[in-house]
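Asks: Residue numbers (the working numbering), protein chains in the order written: chain A, 1 to 255; chain B, 1 to 287; chain C, 1 to 207; chain D, 1 to 212.
Just so you know, these hints were derived from the structure itself, not from any lab. Note that CB positions come from ideal geometry on N, CA and C, so glycine has one too. Just so you know, not all the hints are guaranteed correct.
Here are the simulated distance ranges between beta carbons [what the hints assert, rightly or not]: (1) B:F276 to A:E44: 28 to 36 Å; (2) B:P200 to A:E43: 43 to 51 Å; (3) D:R7 to A:N28: 21 to 29 Å; (4) A:N91 to D:L200: 32 to 40 Å.
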Amino acid sequence: MNDLTGFLFLLLILVFYVYTYWTSVKRNRIPHFRSLAGLVALEEMVGRATEMGRPVFHSTGLGTLYSSGVGTVLASFVVFSEVANKCAQMNTELIVGIGAAEHIPIITALAEQAYAVAGVPENLNYNDLVFLGGTQSALVAAIMEIMDSRAPSSFLVTGSYGADIATYGGLAREYGTLSLCGTTNTYQYPYAVAAYDYWLIGEDFLAAAAVISKDPVQISNIWAGDLFRFTLCIIMAIGVILSWVGYNITQYLTM
Amino acid sequence: MGITDTVRKLLTRRTFVQGMLIILLIIPLSRPLGLPILIGEHSRAFYRIVEELPPNAKILFSQVTPVVLMGDLIPQAIPVTYQLVSLAKERNWKLYFVGIGSPDGILQLIDSEIWATIGWPEEYGLKYGEDWCNLGFVAGGDISWSTFGSDIRAVVQYDREGNNIDSLPMMQDVNSVADFDIIFNNGEYNTVIVRQWGEPYGKPLMLLCLTGAVVQDVEPFYRAGQVKEYLAGVRGGADYELLVNRPGKAIASLDAISISHIFLIGLIALGNVLYFAEKKEKGRNSL
Amino acid sequence: MTVSSDPGMWVAALFIISAYSIIVRDNPFYRLAERTMVGAAAGVLTVQGIENIRKLAWMPIMDGKVVNIIPLLVGLLIFTRISKEYSYLSRYPIVLMLGAGIAAGMVRSIPAEIIKQTTGLFAPIPSGATALDILGLIIVPLFAATTLLFFTYTREHTGGLGILTKIGRYALMFGLGANFGNMVATRTSYVIQPLQVLLYQWLGIRI
Amino acid sequence: MNLLRKREISVYLLFITSMVFIVQYYLPGFDPLDSLISLLGNWAVVFSAMAMGLGLLNLATNSVRKIQKRSKEWYFDAWLLFIMLLVLVLGGIGGAKDERYLWIFNNVYQQLSPTFFGFAYLYMCSVAVLTFRVANWETALLMLGGVLVMIGNIPFIQVYTGAFVSLKDWIFAIPSRGVFTAFRISMALGFVLIGIRTLLGIERGYMGAEES
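Work out the full structure, taking the sequences as your base and the hints as a guide.
Replies: This is the structure:
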C-alpha cells in the first residue's frame, strides 16, 4: 500500500461528506454559507456591460486536462457557465478567450447550453468564442488585441495562468474595465489582490461552483471540507506543541 | 492644481512608468556600473558539490526551461553546464539530458542558448552516445515523471536525434532514476521532481530555479534535506559565472536588477507622497 | 561595436522593438508583432503536438504495437465538435483526459501538499534558542492555522473565529506583499533578456 | 448511437477512468494496472495534441471571416494565417529539427515570447505604483512586506550591510512561510473537494448540467 496516511485523510473527507450530505439534504439543515465578494460581483459586472452596451470579455485560461492542476480549469469553466447564463438572460454581448485548444469543445458546449436554457439559442455568436493561440505569450498578445479592438466594459480572468495575470490586471486598469481574477497560482495572488477590482483566490475560486449553485449537495461538500479543515488545525496544533518538546509525530502522518 | 496633478498624471500614464523602466535597464546593461557583488553561500556550496563529484558518475540533467522564463533560468544553466562538460572527459562522467513536460528547453534552448554559448560537448572531447546524450522531450504531467523514474524505456524509446536509445552505449545499464548518481533540474517542476525522483529514490537533487521559486518551493525542501543545493535566478547565475571564471550575461544584468528595484521603490514612495498630498487637499477643500 | 550582419538577428530585433513600441503608443508595427506572436505560437504548439503523436502513437504502431491506433481514432472524435448533430461524441476523449487529471489532483496533492506542509511546521525548540527563534516557532504555525481558517465557508467570521481570521487576513496581506517583492528580481530578468539580445547580439555592444 | 448521447455515460466513464488511476496510485506494482495507466497517460497526451487541430480551425475561420468582411486591419489577420500555416508546413513536414522551422523558432517565436511575457514586469510596476498605498492596515502591510523584501533583494546592498538580507530571510522563513503553507494546504483541499464533486457527477463543469 502506498501513502496509507493520504488514503486515510481522503477517507476522512469522504466520511465527513456522508455526514454533511445526510444532514443537509435528508434533514434539510443547511449551514449558513459565507458569500464571496467575487461571485456577488458577477451580477454587477454583466449588468454594467448591459447598461453600457459594451461586451463582457471572459478569458478562461490555459491548463492541460490531464495534469493535477485540472481543478483550477474546472473551476474556471464553472464561473464561465455562470457568466454565460447571465449574458444570455440579459442579452449582453459575450466574448470568450479560450487559452488551450482542448478547452474548445467544453466552452462551446457550456455556451450553447447557457443560451438554450435562456431560450435564445440564436443569440450565441460562435465567432466570439476565440482561441487565443495556446501559449502564455500568445494569450498576452491576443488579449491585448481584444481589449483594444472590442473595448469590453467587464473583464474576467479565471483559470490557470502564470505571470501574465499582472499584465491583464494592468490592462483592465488602463482601459477602465471592471475586472475579476480567479486563480489558484499562489505566486499570482499579490497581483490578483493589487490590480483587480474583485478576486477569487485559492480555495474561494475552487468552491465557486457550490457557492453559485446553492445546491445542498454541493454545499455539503464544502461543509465537509470545513470539518476536515478544523480537524487538520487540531492535528497541526497537537503536532506543533509536541514537536516543541521534542516529540515529532511526522512518522505517524507519513505511513 | 499644480504638482500633485502633474505627478498623478505622470504616475498613471503607462508610457512614463514603463518607458522609464526600459531606459533605466538599457543604461546599466550597455555600460555596467560595476557595483560589487558578494558570491552567495548557496552558489559556493553548489560549485563545491559539482567539483567533488566522484569519477564515473552518471549525471541526469532535466532541462525543462520554457521559452517565456528563459530570462531567469538560462543564466544559471550556462555556467553549470560549462563546469560539467569541462570536467566530464577527465572524470569520465556520463551526462544524460532529458525534458519532461516542457518541450522548449530540451528541443531548442539547449542548442540555441547553452551549446551556442559554451560550445558543443564534442569540443570538450565528449562523444555523443558514449559520454553525453539528449533523450529529448517526454510529454505528460505527474504520470510521465513517475513512469520515467521507475522505467525510462516505458516513456523514452527514441532520443532526440531519433535513434533507438538501446543503440547508445551509455544507456546499457541505465533503466531508471535509481541508476543515476546526481540529478540537476533547470526549470520549474521543483515540487514534482522532489516528489517523483527525490523521495522515492533518495537521489541528491541540484535545482537551478527561478528567483521567485525559492521561498515557497525550494527553501522548504532544502531545509528538510530533500534538495541538496540550489542556484536561484540571475543572481545565482552571476555568482556561478564568477566561480567558473566565465563572466557573461548574468553579471551584466545584476546592475540593471539593482536599478530596477531602486526605481520601483522610489515610485512606490512617490505614489504614497502623492496619496497623502491628495488626502490633505481633499481635507482642505471639504472644510 | 559591430552591428550584426545575420538577417535572422535583424528579424528578431525588429520584432522585439515592434512589440515594445506599444509602450509609446499603439501602431501598425506593434499589431504585426502581436499577430505574429499568436500565429507562430499556434504553429509551434501544433508542431510539438505532431511530434508527440509521432512518438507516442505513430512510431509504436510502426514498431508493431497496433493498440496505439485506438488513441488516434478516439482522438478524432474531438472534431465532431464542429457538427451540431454529433458534437456530444467530442466528450469522450475529453473525459478520458479529465480522468487522469482529476485523479492526480485528488490523490497526489494530499501527501505532497496537505501532509508535507503540515509536518513541515513541526520543529523542536533548539537548545540555546533566542527570543527571536521562539517567536518564529510560534508565528509560523499561528499564521498557517489562521490563514487556513480564513478560508472557512460554513461559519460566519465572528467571535473567536473572527479574531483568528482577522490575524489570518493581516498575515495574508503581509505574506502577499513579501512574495510580490521577491518576484521583482525574477520578472526584471524577463525584460532584461530581450534587451540583452538587442544590445549584445544585434548592436554588438561589448561590456 | 443515442445511448452515447446520454450524459450519464460520460459521468460513469470519467468515474471508471479516475478510479483506475486512483487504485493504481494506492496499489502500485500491480503490472497490468501500471502498464494501463502509462498507456492512458500517453493517450491523454495524444488527445491533447489532436485537440490543437480545433485550435487551428478556430483561428483560421476567425481570420478568414475577417479577411472576407474586410474588417478593420484585415491584412494583419491574413498575416497571422500566413505565419501559422508557414510554421505548420515547415515543422509538420520537416519535423521539429527542420532548418527553416528552427530559423523561425529561434528568430521569431523565441524572441517574441519572452518579450510579450515581459509585459508582466512592466505592468506589475505601473500597478504597484497605484496600489501600494498606506490607505488602510491591509494595503500598508502589503506595501511593507513588498518594500522590505525588495531592498533585501538588491544585489549590491548585500555587500554593504547584511541587515536587509537577514530581515528578508526572516520574513520568508517565518511570516511569509506560515501564510503560504496555509495557501498550499487550502488549495490542495480545494482540489480534493472539486475532484470528489466531479467524480460523483455533482460538478459538471466539463459538460454543463442539463441536456442542451
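Asks: Hint by hint, say whether it matches the structure.
Replies: Checked hints:
1. The hinted window of 28 to 36 Å between F276 (chain B) and E44 (chain A) holds, with their beta carbons roughly 31 Å apart.
2. The given range of 43 to 51 Å is respected by P200 (chain B) and E43 (chain A), whose C-beta atoms sit roughly 49 Å from each other.
3. Checked against the given bound of 21 to 29 Å, the beta carbons of R7 (chain D) and N28 (chain A), roughly 27 Å apart, stay inside it.
4. Roughly 35 Å separates the CB atoms of N91 (chain A) and L200 (chain D), a value that falls within the hinted 32 to 40 Å.
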